[in-house]
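A.B. asks: Spelled out, the chains give:
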Amino acid sequence: MPRALAVAFMLGLALVAGCGGPEVTAPAAPAATAPPTTSAVLAASRPERVRIPAIDVDARGVIDLGLQADGAMEVPPDATTVGWYRQSPTPGERGPAVLAAHVNWNHRKGAFADINALRPGDQVLVDRADGTSARFRVERVEQYPKDRFPTRAVYGDVAGPELRLITCGGELDRAAHSYRDNIVVYARLI
Amino acid sequence: MRFRHALTVAVLTVAGTLPLAGAAHAQPDRDCADFASQAEAQEALDGTVGDPERLDANDDGVACESYFRDAAATTTQTTEPAPTSAPAEEEQDDQDDPGQVRVLPRGGVDTGDGSTDPDQPASATALVALAGLGLLGVGARRLRQNAG
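Protein chains in written order, with my numbering: chain A, 1 to 190; chain B, 1 to 148.
Isolated chain A (complex conformation) (with noise of 0.2 angstroms):
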């Protein structure tokens, strides 16, 4: 159903813009390439640098995150550090890695700021301790109300190595200087 809107969109603003050129073109369906089918495994190994070409994000550093004494998980420090989730699985491994990081923080633009702008298909690199890079490609990005947080669906087991993104976003508690929704980005090791 998006989709459907954003090429209604995109028709609608060809049309304002008067494009009387060529139609566009559909990008040539990929080639029968081998199927995804389970990519190989990494053994564990921390992650150290995270990179989204598609947002142009490149954050050096990624810190450890654990829990805070309510059972929430902990949140960097500043706005461009990334945090790993230290009791989810690194990146590569099977299960969700989980990495946090803030949309904006103290008047500075967040290193996840713009991860819902991400679309399948776009890719995250990871870059590990073990001089490995996982690539995981962008499956879907969710918006959920953090007080109906799907724990299960997030945190829960998967059947090969995936990645979770995630940043705060949706409508501003101005008064609790915090936003009402989390932003998940599913991603999957290709």
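Don't read these hints as lab results, they were simulated from the structure. On a predicted model such as this, the values are computed, not experimentally measured, just so you know.
Some chain B residues near chain A, calculated using beta-carbon distances under 10 angstroms:
| hint | residue |
| --- | --- |
| 1 | V101 |
| 2 | L104 |
| 3 | T116 |
By construction, the Cβ of each residue, glycine as well, lies at the ideal position given by its N, Cα and C atoms.
Got chain A sorted already, so can you dock chain B onto it with the hints?
C.D. replies: Just chain B now, kept in the frame of chain A:
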């Protein structure tokens, strides 16, 4: 599903005289026995700050795991023979072994203080655009009325 139903029945049976589930929901302090499944208890735990109803006694982020483990054991002993394959899958969902994420964080993640609020301009623009469309609509109607 059938397994969950069976579990519900079993739990209610075990619980004996407890009020019906609907009434239990309205109570401020529920116990593990008030939930039909571990998933429901988990939802209640995830939906609150802290653990006011004390559904997570060992504070590992998983609600009522021992209660439902015991209930499941009771269920298999006392209920009529149930379909054998489906329950195995269901049980895996609610397993107590640490999952791939070893400890589940509670609730959402507080990653933003709104100090630069990138969303605000976008939604403001959208609102202005909507208002503009509305005005256009009103204008068009006026024009038609004037013409007629």
